[in-house]
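Residue numbers (the numbering used here), protein chains in the order written: chain C, 24 to 792; chain Y, -11 to 233; chain L, 134 to 221; chain P, 134 to 221.
These are calculated hints, taken from the structure and not from any lab test. Hints should not be assumed to be uniformly reliable.
[Stated by the list, open to error] Calculated cross-link-like contacts (lysine to any residue; reagent style SDA-like; alpha-carbon spacing at most 25 Å):
id	chain 1	residue 1	chain 2	residue 2
1	Y	23	C	364
2	Y	23	L	200
3	C	581	C	425
Note that the coordinates shown come from a computational prediction; the quantities given were computed from them, not determined experimentally.
Below, each chain spelled out in residue letters.
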Amino acid sequence: MTEAVLDPKAKSQGEEPEITAEVVAEHGLSPEEWEQILGIMGRPLTIAELGIFSAMWSEHCGYKNSRPLLKTLPTEGAAVVQGPGENAGVIDVGDGWGVAFKIESHNHPSAVEPYQGAATGSGGILRDVFTMGARPIAIFDSLRFGSLDSPRSRYLLDGVVRGVGDYGNCIGIPTVGGETVFDPAYERNPLVNVMCIGVVPLDQLIRGEAKGVGNPVMAVGARTGRDGIHGATFASVELDEDGADSRPQVQVGDPFTEKLLLEASLELIERDLLIGIQDMGAAGLTSSGAEMAARSGSGIDIDVALLPVREEGMTPYEMLLSESQERMLLVAKPEHEEAVREVLTRWDLQAATIGRVTDDGMFRVRLDGKIVAEIPVDPLVDDCPTYVRDGIESPDVIRARESDLDEYGSFESDRAVQDALETLLDAPTIASRRWIHEQYDTSVQTNTLVGPGSDAAILRLPAGGRALAASTDGNGRYTYLEPRVGGRIAVAEAARNVACSGARPMAVTNCLNFASPLRTEVYYQLSEAVAGIGEACSALETPVTGGNVSLYNETGGKPIYPTPVIGMVGVLQDLEQRVPSAFQSPGDEIWVAGSTRDEIGGSEYLAAVHGVVLGPPPSLDLDEAKRLIDFLVVAAEGRLARSAHDCSDGGLAVALIECGIQASGGPLGFEADLDAVSVDGNVSEAALWFGESQSRVVLSCSEGAGEALSSAAKRLGVPLRRVGTVGDRATSCRLQGSGHHVDVSIDALHAIYESALPRRMSEQVGLTA
Amino acid sequence: MKFGIVRFPGSNCDADAYRAVTEGLGQEAEYLWHKSHDLAGVDVIILPGGFSYGDHLRAGAIARFSPIMKEVVEFAQGGGLTLGICNGFQILCEAHLLPGALVRNAGLRFRCHDVGLRVENADTSFTRDYEQGQRLRIPIAHAEGQYVAEPATLDELEAEGRVVFRYVDADGEPTAAANPNGSARNIAGIINAGGNVLGLMPHPERVALEVLGNLDGLGVFTSLLHTVQASATADGPAALAGVGP
Amino acid sequence: MSETFSVDVRITPRGGILDPQGETIARALGNLGYEGVSSVRAGRLVRIEIEAKSADAAQSEVERMCEELIANPTIEDYVVRVRDTVGQ
Amino acid sequence: MSETFSVDVRITPRGGILDPQGETIARALGNLGYEGVSSVRAGRLVRIEIEAKSADAAQSEVERMCEELIANPTIEDYVVRVRDTVGQ
Ligand SMILES: Nc1ncnc2c1ncn2[C@@H]1O[C@H](COP(=O)(O)OP(=O)(O)O)[C@@H](O)[C@H]1O
Ligand SMILES: [Mg+2]
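Chain C on its own, in the form it takes in the complex (with noise of 0.2 Å):
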């Protein structure tokens, strides 16, 4: 049905603003882009008309900057039944069951409000995930602050992990696993990414899909309000200085409603009551209804008077682009209509048939009938111009990483190692993350076989017997110095915290956390970071099945270190198999798997010890990664480890004495020569103790059973060596290498380890309504 043709200035309640080059301008749209808007169109916008455009159009939703980027992912695979374009990916794990998971970011809400701005996010990724049909079993947060030292990081830590926490735990989904790192480079903006896995019967799966001409399109959950309207623009600009002024209506998370929503949500889908569904989450209704259309090509007609609202007087303006939480748009199967009402009141959710699903490509919405926008649904969501910039590595860049390292390349006495190590010890980055992962529930839901303090967290999956592995990693410090090298490594540090747990890895979510495209040093970050991601992910084997982007992450013109996060999933085929990370018992002997090599550029041990960021990082050679996964994944299934532990902040001292410090039964000491793993000599002092030389796990088994060890190693092409024997409780820690010896009580480094982020954060007041 066609209407007459639109009066722009009769269409939304109260006065239609103007629409001058200026009103343009602050929707984030470009001159260009509104010229192409204006021919798609033919006639003059409606107010509505260039918000849903502007939203569509902004990098949130419509990826301007980075989607010729991420073309260049790989995304195919065996495993892969839902690639990147859906709520979630979904990989088919045996048995009928797939595992859906996705990452997303929060960064600005939370820098702006750091309890709703985490709580929020993670009621955004849950939705993705239970949308595709799939039961939540785990949460992940990945997250990122400036120095503990200043008050601002120790506010944003504590309102991020109470907000990641309170959402989580009310509704019942263990927060397992995650990241916390520390550097100046966040200070005023930190990362929160959280990654949502959920298990879903593969012939239950259901997709974002607005199909069959007449179908109800309704809209279910909490009310509209006039909460985060311009969220999504909002998150693709930078921050102002003082925040405040461009400061939106914060969002506010209800995870009971949440609750409600994922329960009614999953029962709707099990009985096959729904054509589609969607969450309603950046750009809102906007989003949700446009993309349904165009995923199957139809149109979708709704009356924004129908919409349920919590104020008076929206507008359509305000209603189309209203970020409230906890909503999500359905269509339902005609015949069944009732029976969804039935649900939904049954779980005392609002829900409202708000319009239905057309077959003429376009996108309109009226309010009390009368059309105030009228969009055709496929440009909206396919023409939205995509840019191919110019990019440049900073000089200033090119000059850190080509310092000369040489002064830090040794120790003056044992006494200054020791010092170095209890420093990265109580180095926050490195020390235990007890004081966070405890404000979380970790064993809700019965599934939790490893829980957070381990490489990679371990869920039972409802497929027989077999288990899931999964990991968040990212290096903002090694992607600053060379990115395509922490683009690459991200990946295969998750890879390899997967398959140290004993899984196979198996395919990608990935998040990117960078600053304003529009420079070009920032530009060459990224497109740099994704082809090391995109090598990577092809070596490894593991496609990319989703993801995410945050750009513009910079706050008075000062950038963040370019962070691409990486959520990896691995599966167990027998939860028996896994491997944990800590040594296990007295006399079991340790082994060093990977080669050591002269690195010690951008290590925490530069940063944490010395205050530079420094040197080239790490090199990765694929096809060594790939070796050390193989033989990892091999080693569980033939039960030849007691414990695997990767390799990374700190090197191999570090890594040594976490796997002490985390035995189950409390610490165990040991006894360790590091010049063993030294093959060449031409290693300096600090990169054999501190170095992080990749692919690299230190591994244990019990006496006498190295030799298998060793000749799967062999055969698999993976250097190892012996390294020391595990001593008990009362052993000291004896380490050497180097010519450098330290002997101290396993306890008093234990102590330092566990009370780095208590210390810190003890006069945090945890204020919440």
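With chain C's structure known, arrange chains Y, L and P with the ligands on it following the hints.
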């Protein structure tokens, strides 16, 4: 034997309790919807953990008025075996089936980790399969688990052997360090005077499956099974294991 | 004729009940250099708009709500105050 | 000479900010048969005893505390009220 597991809209440990009963204990379980008035002839009622109504206002305050609670209260007052775990414990206090209240943790933060628990009374329908003084390792997961009550009430609970579980350290001592939430006298779980209503903050249902590597919580469920089996051969609820020091 | 009243319920932890939140705020204020703070109690405020015949009627209705639902006398004290009528 | 004042800070969610707790209480009151409740907002109450030269001084000191620590102006409104002096 059949367990009834009440499902409030925000219950989130209902499925865990279900698995503990069906897979861990090998008995029958049925969910009881909060809007229903039908107890489906169950032998034992479990009020599971979670955030029944978002825990707005106070944990358990609103759940107490759910339709099903009328029947639950009658069941409990008539001697029916009723177990409240975490949020269920909070609801039992709000519903005055147990004395005292659970308030925000002294540390003001949600806490989730294993705690040491000492079985203070192994002569109840819920603990008969444990040894007196046995030390268990069971997880907690709560933000409002600090047990408070008038001193006189606390004295009465102690004197009547109604403190059933206490937080203890590795040596079995109820130290301040072992108390995760500031609970009065390290109290983790209490029972009513009739011996048929038990509330506790830790989650025995999370450690009742072999595959999870810890079975310390299963004893609560086997105790209930054995109590019901014993009473079936005797003469009804009156024959339930008594309470007493 | 009935009007709409705005009624506040001010709930504080009962004397004798620990108030860790109040104590934490007091300590934080001290760290920020505020002097002369001798005690901080942290409670809850519930603001209800209710239609009633009179202020007295609104007051007693909200008091009933408190007894039944809003406050828990084991741990909390409360006072009910009718603030004003809500303009049309 | 300074006296001790008891000062209340009444904190409520800012207008337009979602208040799930208030809505839940409102629904529960409705289910319990209370009629005429048109809105419930759930907030916080912080009661501070502070030594100050005058009621005005106490008021402005507590207002500073609110800005700095006690309230979260992004999502909360607050009013500060000096209630009375605290008897010795
Ligand atoms: N914010 C967080 N939430 C939950 N778990 C976390 C968080 N940060 C770190 N962890 C957990 O702490 C452990 C150490 O993390 P990390 O230092 O990233 O280890 P690795 O270097 O092995 O990747 C992991 O088990 C991780 O899941
Ligand atoms: Mg990591």
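Hint by hint, here is what the structure shows:
The straight-line distance between the Cα atoms of residue 23 of chain Y and residue 364 of chain C is roughly 17 Å, inside the 25 Å bound, and the hint therefore holds. At most 25 Å may separate the alpha-carbon atoms for a hinted pair to count; residue 23 of chain Y and residue 200 of chain L meet this at roughly 24 Å. At most 25 Å may separate the alpha-carbon atoms for a hinted pair to count; residue 581 of chain C and residue 425 of chain C meet this at roughly 22 Å.
Violated hints: none; the structure is consistent with every hint.
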